[in-house]
Amino acid sequence: MTEPRTVHCIKLHRDLPGLDRLPIPGELGEKIYQNVSKQAFKMFAEHFKMIVNEYRLDLSSPATDKVYEEQLREYFFGEGMKLPDEYVPPVE
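Here the sequence shown stands for residues 6 to 97, where the numbers follow this note's numbering.
Don't take each hint at face value.
Taking lysine-lysine and the DSS-like style, the derived pairs with C-alpha atoms no more than 30 Å apart in a straight line are [stated by the list, open to error]:
(1) Lys47 / Lys16
(2) Lys16 / Lys36
(3) Lys47 / Lys36
Just so you know, the hints here were simulated from the structure itself, not pulled from any lab data.
When you get a sec, could you build the whole thing from the sequences and use the hints?
This is the structure:
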């Protein structure tokens with residue numbers, strides 16, 4: 006049995022289990038693979054789900070792929086999570 010990969014997560018600032026594989030091909034995917042934990046990537050997935058729903062993005066569109074990459078870059082290596090201007094949090 007192999008030891009799980011550990012990374013120093015750029016988002017959570019702790020040593021945590023890393024991703025099992027590159028989330029996307031290319032340089033950005035490699036950078037995320039080396040610097041982002043599974044836990045932080047799950048947080049991003051929830052963030053992106055909100056973006057998809059808020060903007061009603063078509064997941065089969067190449068334009069959405071660009072939005073996905075921009076959001077990945079911003080979430081992990083930029084200013085962080087930016088909510089859409091029109092976003093209204095759900096009432097609990």
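Decide if the proposed pair is consistent with the structure: lysine 47 and lysine 16, CA atoms, cutoff 30 Å inclusive.
The hint holds at about 12 Å.
Lysine 16 paired with lysine 36 [C-alpha distance capped at 30 Å]
Holds - the C-alpha atoms of lysine 36 and lysine 16 are around 13 Å apart, at most 30 Å.
Does lysine 47 pair with lysine 36 here, judged by a C-alpha cut-off of 30 Å?
Holds, at roughly 16 Å.
Taken one by one, the earlier hints all hold for this structure without exception.
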